[in-house]
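Top to bottom, those sequences are chains A and B.
Per our numbering, residue 1 is the first one in the first sequence, and the count goes up by one each step.
Per our numbering, residue 1 is the first one in the second sequence, and the count goes up by one each step.
Source of the hints: derived by calculation from the structure; they are not laboratory data.
There may be inaccurate statements among the hints.
Chain A is nowhere near these chain B residues, computed Cβ spacing over 10 Å in every case [what the hints assert, rightly or not]:
1. I12
2. T13
3. G16
4. R26
5. S38
6. N51
7. R63
8. P70
9. S79
10. E82
11. T113
12. L115
Taking lysine to any residue pairs in the SDA-like style, the calculated list, with each CA pair at most 25 Å apart, reads [claimed, not checked]:
13. B/K57 <-> A/S28
14. B/K57 <-> A/S94
15. B/K9 <-> A/T99
Ideal placement from N, C-alpha and C gives every residue a C-beta, glycine not left out.
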Amino acid sequence: DAKTTQPNSMESNEEEPVHLPCNHSTISGTDYIHWYRQLPSQGPEYVIHGLTSNVNNRMASLAIAEDRKSSTLILHRATLRDAAVYYCILRSGSARQLTFGSGTQLTVLP
Amino acid sequence: DSGVTQTPKHLITATGQRVTLRCSPRSGDLSVYWYQQSLDQGLQFLIQYYNGEERAKGNILERFSAQQFPDLHSELNLSSLELGDSALYFCASSVDSGLSTDTQYFGPGTRLTVL
Chain A
1 DAKTTQPNSM ESNEEEPVHL PCNHSTISGT DYIHWYRQLP SQGPEYVIHG LTSNVNNRMA
61 SLAIAEDRKS STLILHRATL RDAAVYYCIL RSGSARQLTF GSGTQLTVLP
Chain B
1 DSGVTQTPKH LITATGQRVT LRCSPRSGDL SVYWYQQSLD QGLQFLIQYY NGEERAKGNI
61 LERFSAQQFP DLHSELNLSS LELGDSALYF CASSVDSGLS TDTQYFGPGT RLTVL
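Chain A extracted, bound-state conformation (with noise of 0.2 Å):
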């Protein structure tokens, strides 16, 4: 599978924008690009996924690169119970299996 690169950490106010980076610069052209999320004490749960065009969904953004070489999720008003780890997930067609680096831990101050 393709690596994936981002931040250990960031912090971010609440009701601010955040910006969570993912580099992957050795994608494949029908890789797609996932992320998942991991509240405290929870399993992970999706929040968006695209191949090559800007996705939107009601809980974040997805903002791909025109070279597919890196990706950024903005959740677009910060809540403390978005607070999590946050991985970036390149998925190809014959791979099942989710692959998990070891994400960015978000931290949500008040």
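Mind docking chain B on chain A? Use the hints.
Relative to chain A, chain B alone:
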């Protein structure tokens, strides 16, 4: 609530023992995945079952085995337990459409402590 249930929530046992972890997938999901989360290794994929058949294998030890039953629930069996097997074990389920857009839904996990 993801719709995936796991029992028990906590399990404390001794080295050398055997335990069974149980998972019920979301209604309609045919695939079950098992993951292990430990402090030093992070979240690691163990094994996947699809409609009763093993489909993919990850870093699963030979002392560990799994199966998926006709009602689609799955069990992960861990034997000859060692201290290093202490971890959170997560089950996830998905439709497994074969597409890389397939979403996995995770259960709340079973915390295993081996003393």
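### Task
Would you pick out the hints that fail for this structure and give their numbers low to high?
none
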